[in-house]
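**Student:** Sequence:
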Amino acid sequence: MASSYLIHYRPKARRREQIAAKDHCTSVTPNYLSNEFSKARDAANAYDHIQATERPTFHGIRALGAWLYEQQNFPQEYIQALMGHAGAKMTKHYQDGHSEKGIEYLEVGVLQIADNKKGPTFR
Numbered sequence: 001m002a003s004s005y006l007i008h009y010r011p012k013a014r015r016r017e018q019i020a021a022k023d024h025c026t027s028v029t030p031n032y033l034s035n036e037f038s039k040a041r042d043a044a045n046a047y048d049h050i051q052a053t054e055r056p057t058f059h060g061i062r063a064l065g066a067w068l069y070e071q072q073n074f075p076q077e078y079i080q081a082l083m084g085h086a087g088a089k090m091t092k093h094y095q096d097g098h099s100e101k102g103i104e105y106l107e108v109g110v111l112q113i114a115d116n117k118k119g120p121t122f123r
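Residue numbering for the sequence shown follows the numbering used here, starting at 1 and increasing by one per position.
The reader is advised that the hints may include incorrect statements.
Claimed, not checked - Straight-line alpha carbon distances no greater than 27 Å define the calculated BS3-like cross-link-like pairs of lysine-lysine that follow:
{"no.": "1", "residue 1": "K22", "residue 2": "K89"}
{"no.": "2", "residue 1": "K22", "residue 2": "K12"}
{"no.": "3", "residue 1": "K22", "residue 2": "K39"}
{"no.": "4", "residue 1": "K39", "residue 2": "K12"}
What the hints assert, rightly or not - Ranges of calculated distance between the beta carbons of each label pair, as one might list FRET restraints:
{"no.": "5", "residue 1": "R55", "residue 2": "I19", "range": "27 to 37 Å"}
{"no.": "6", "residue 1": "N73", "residue 2": "H24", "range": "36 to 46 Å"}
{"no.": "7", "residue 1": "P75", "residue 2": "R14", "range": "14 to 24 Å"}
These are calculated hints, taken from the structure and not from any lab test. Note that this is a predicted model, so its numbers are computed, not measured. Don't be surprised by glycine CBs; every beta carbon is placed ideally from N, CA and C.
From just these sequences and the hints, can you work out the full model?
**Tutor:** Here it is in structure tokens:
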């Protein structure tokens, strides 16, 4: 099924309330990416040791990404375009709060998956 949306899906069924809630039958709802991210995150079982309310979210990672670009002195216009925001105010909203809350970040190396049997290594 063709779609004019970059991010879209083929609906399994077309229910009247779903059609009324969206611009096109293949468009996603506002919470679709967050919900699908949460399902994939939980299916990976990587964060089972963390309470569900404390696990990484799509929105949280997106906001952190915007803040990290800001910390590396990328132009706000670039970050705004990358985030797909129409205005600078929304981009700034995403970036706010990371350093103000006293959150400390630890810079770690990149995980490199080795082709040998020793397993992953850090650089």
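**Student:** Is the straight-line distance between the alpha-carbon of K22 and that of K39 27 Å or less?
**Tutor:** This hinted pair holds, its Cα atoms lying about 22 Å apart.
**Student:** For the pair we were handed, K22 and K12, check the Cα-Cα distance against 27 Å.
**Tutor:** holds, 15 Å
**Student:** Between the alpha carbons of K39 and K12, is the straight-line distance 27 Å or under?
**Tutor:** holds, 18 Å
**Student:** Taking the Cβ atom of N73 and the Cβ atom of H24, is their distance within the range 36 to 46 Å?
**Tutor:** The hint (36 to 46 Å, Cβ to Cβ) holds, given that N73 and H24 are roughly 39 Å apart.
**Student:** Would you mind confirming whether the straight-line C-alpha gap from K22 to K89 stays at or under 27 Å?
**Tutor:** Distance of about 26 Å is within 27 Å: holds.
**Student:** Regarding P75 and R14, is the given constraint of 14 to 24 Å on their beta-carbon distance met?
**Tutor:** violated, 43 Å
**Student:** Could you say whether the range 27 to 37 Å given as a hint is met by the Cβ separation of R55 and I19?
**Tutor:** Holds, at about 32 Å.
Comparing the model with each earlier hint shows a violation of hint 7 alone; every other hint is respected.
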